[in-house]
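2 protein chains.
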Amino acid sequence: MKPYIELIFGIFNSSTNLKMGTRNNPFFFKLGDAHGASLIFLCINIMFLTLTSSSQLSLAAKVRHFKWTVEYVYWSPDCVEHPVMGINGKFPGPTIHAKTGDTIVVDLTNKLSTEGLVIHWHGIRQLGTPWADGTASISQCAINPGETFQYRFKVDKAGTYFYHGHYGMQRSAGLDWWHKSVHEQEVGLNSIPFRWINEPQSLLINGKGQYNCSLAAHYNISSSISQCKLKGGEQCAPQILHVRPNKVYRLRIASTTALASLNLAIGNHKMVVVEADGNYVQPFEVDDIDIYSGETSHSLTKYLPLMGTPQPPKNYERRILLLNTQNKIDGFTKWSINNVSLTLPSTPYLGSIRYGLKRAFDAKPPPEKFSSDYDVTKPPVNPNSTYGSGVYMIRLNTIVDVILQNANALSGNVSEIHPWHLHGHDFWVLGYGEGKFSDGDEKKFNLKNPPLRNTAVIFPYGWTALRFVADNPGAWAFHCHIEPHLHMGMGVVLALGVEHVNNIPNEALACGLTGKKFSKQKQKHK
Amino acid sequence: MKPYIELIFGIFNSSTNLKMGTRNNPFFFKLGDAHGASLIFLCINIMFLTLTSSSQLSLAAKVRHFKWTVEYVYWSPDCVEHPVMGINGKFPGPTIHAKTGDTIVVDLTNKLSTEGLVIHWHGIRQLGTPWADGTASISQCAINPGETFQYRFKVDKAGTYFYHGHYGMQRSAGLDWWHKSVHEQEVGLNSIPFRWINEPQSLLINGKGQYNCSLAAHYNISSSISQCKLKGGEQCAPQILHVRPNKVYRLRIASTTALASLNLAIGNHKMVVVEADGNYVQPFEVDDIDIYSGETSHSLTKYLPLMGTPQPPKNYERRILLLNTQNKIDGFTKWSINNVSLTLPSTPYLGSIRYGLKRAFDAKPPPEKFSSDYDVTKPPVNPNSTYGSGVYMIRLNTIVDVILQNANALSGNVSEIHPWHLHGHDFWVLGYGEGKFSDGDEKKFNLKNPPLRNTAVIFPYGWTALRFVADNPGAWAFHCHIEPHLHMGMGVVLALGVEHVNNIPNEALACGLTGKKFSKQKQKHK
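Those protein sequence lines, which keep their order, are chains E and V. For what it's worth, UniProt numbering labels the leading residue of the first sequence as 1, then goes sequentially. For what it's worth, UniProt numbering labels the leading residue of the second sequence as 1, then goes sequentially.
Simulated from the structure, these hints should not be mistaken for laboratory data. Since we're looking at a predicted model, the values are computed, not measured. Each hint should be verified, as a subset may be incorrect.
If you want the footprint, here are the derived chain E segments under chain V, 3+ residues with CB under 8 Å [what the hints assert, rightly or not]:
{"id": "1", "segment": "94-103"}
{"id": "2", "segment": "200-208"}
{"id": "3", "segment": "338-346"}
{"id": "4", "segment": "512-519"}
Just so it is clear, CB atoms sit at the ideal spot from N, CA and C, and this is done for glycine as well.
Using the sequences and the hints, build the whole thing.
Okay, here's the thing in structure tokens:
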């Protein structure tokens, strides 16, 4: 008998969707002691860490106050030392435990030297506090070095959530880990010729992995590579979680990858899935689960919402078709949605829309659909695209359907997985399928008990249909959660009911045209 | 006869002040064709490039308008590819040619992903435009990604100047070049244990050098190392400047190093020094010249100002003694001035002082002198120091003497060269000497014809005395021009006549407490 239980990770090849490794892959993680065990509690997380909120309602809601300082520290997440962004000198950041109804207050001080900073609270809908969503250029100005910004929001729903940067490619790297700095990755993506970031050097669990030992398909789990032997105590040494036989443990799983799609299994154990993206599901048993970047728990197949989960409205009021294509702009490789590659403006949308600053972004809204004769099975006939910063303006409380349509990339026979994440709302996943979406597909929509999520995948050459009620005033990002894809333009911005948003902290808007507007008024009244 | 003239660089060991290489060092640069030549025109420069202004007065002053975009590009300055900050896609940046009386207007767009940006116009006094000095936290807020800031200033004096970043360690690397990113260098300096940046991998002239070929003391010029042979056309290929025999050429030299002190010679030729830091000198012939970081032309020894150069006032009204020491704060290695290690606030001093925002920086001014019994020949008895952001407040038009006093560093028998650079003013170098400055040294001051400079060196264990008339309203940095030393706290801030500064562009102050003040006034008047 092995002296520990193995947590087994498989990595998908992101361009072919072939699963590599899985049960035969070399990534392992000591889960228990020599006497075997049941499931354990574990978080897989980003640079910073997992925000959890328990389902038990306390008698009185609490305000939970945290003071966090972000700065670079040398760290060895995979036994190879590099500068990483740490919170209060540690990597990954602290876990927040809270209960439904609690208010979280984080005073975030940027102690980076020259870089701005924001933190996005992934999966938290920010009801009434859209300025706390932590998306640079969308919900707020980046926090300047030396400054402190206060995030303050309510925990409205139990679940497993996580937090991460949302500026440039600062989210990289969390679960998957590169030895090349994020800055250098960004430059490569924005170069001619284009330089892809390639597969990560390591996979991390709770910020720990082993370079040359953790990546799938290179080594077999039974091999005993010398550099993979650790004494314990190293920053990269696997965390051993002691568990007792025949006990049930809850694992909180979040895929915080910048790139990789993963498959997770636990050696000689089954798992019961109970929750996904902060929504309970009907418990079901699995041997392994697929997890995509941005998901807490597993992929959209396989499961049903728990009884009591709200049902979707029967009809939509507005349908937006979003075609995901890989393109070229002036020789640079980009991703586009309906032929528009998103470039974020220097003034946050929440501010520019709230104060009617129309020059802050493209006045022309992006297209609602794509050409009906577009062949999704082939590389684009005309690969040229354009930059754009336009917004989908949505009337408050509209029932919106989004059909995400995948297509062939620039090279022939390549279509990639894209996990799309919506801010500020959960959505129902009504259906998905292969090939191009057609009106006939609508008949197969699951309107009875579709899963409620904030992240959903479109499979290669496929489509995925989502429905949500646009009832949370704010400016919200909706984008592929693969970090380099977003950086290359694969996202859109939705705005709704911004005129109802009050009490935006001044600090959130002290940049770009809102900052200028404020200082002009100052001059006038001096 | 050699087919070219050699430009010979020696590098000082920065901690021992020993000159290495010099005439025997391997750095060479093709200066002419096979027929020999006289001196040539050449700029040695930073990431960005040399601002020159001719001495001929044109009939009508011109406004010279430039649009610059800063972003990272892959570049091979020393034949090894790395991301570098380029202007308009090029490294180094463009040269500005202008005449006395001209106005320079640079619309600077920050296209970096997450980093702020400023440009300092080194040696330009910014008479009447202190907000255009380009020092983050002192004269302006850093320009946020996506934003454009307009620098507008008058060229008041002919000379050779250069421009460079002045935020974090963004100035690195210019003439000396590291393969480790500036971000990683910064993290190392701010780590326990302390990690020094070490000597640069290469020396660059006009942004070109050859790794493994350009550093002194490793190879002899006569050696023929295979990797040092270039075909031409490479980004790192030496620029060949064709010159004709018996012609006189003007070299404009700026030491834009982040660290190294250099010695420059031209094979089989003498040079005539005519100008330093924008001030003409009595021409004199040299075989080689010492140049320190921040200097345009050569060291403070050797030379006399040209007839007509203004003389210093005979007496000072305020004397500030500044002791430079290496210290520890909470285990971090720092540099301090009179036991205060400069930390820059998030609100620019120019704005916080102009608007009376007293909480923006330490109210307590830094000390005017140091303990008279401090032994400069030994490591500090108590190495502990404190952070500080206080300002030397100086009454407008005061005649100020600054005595820069060097000392032993933390380790025994180590004292380093520090080239100090003053913003907004030139100063007279009244004298320098070995050991601790004493009142008797004052009698040896040169009040008749001292050189007028903006950068002056203090030699190991020595002192240097400067005098200037504080007549340019603004908030001005005065600091060691060795980039990691400044980053470790080796600088002070002077403020004078800020109440007379008007028309500060709002964009310069849209951060920190000034940004907050503006937005509060907006709320009030909404």
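Here is what the structure says about each hint:
1. Under the rule that three or more residues need a Cβ within less than 8 Å of chain V, the assignment of the segment 94-103 of chain E is violated, with 0 such residues.
2. Only residues whose beta carbon comes within less than 8 Å of a beta carbon in chain V count, and the segment 200-208 of chain E has 0; fewer than three means the coverage is violated.
3. Counting residues of the segment 338-346 of chain E whose CB lies closer than 8 Å to any CB of chain V gives 3, which reaches the minimum of 3, so the coverage claim holds.
4. Coverage of a stretch by a chain is defined here by at least three residues with a beta carbon nearer than 8 Å to that chain's beta carbons; for the segment 512-519 of chain E and chain V the count is 6, and the condition holds.
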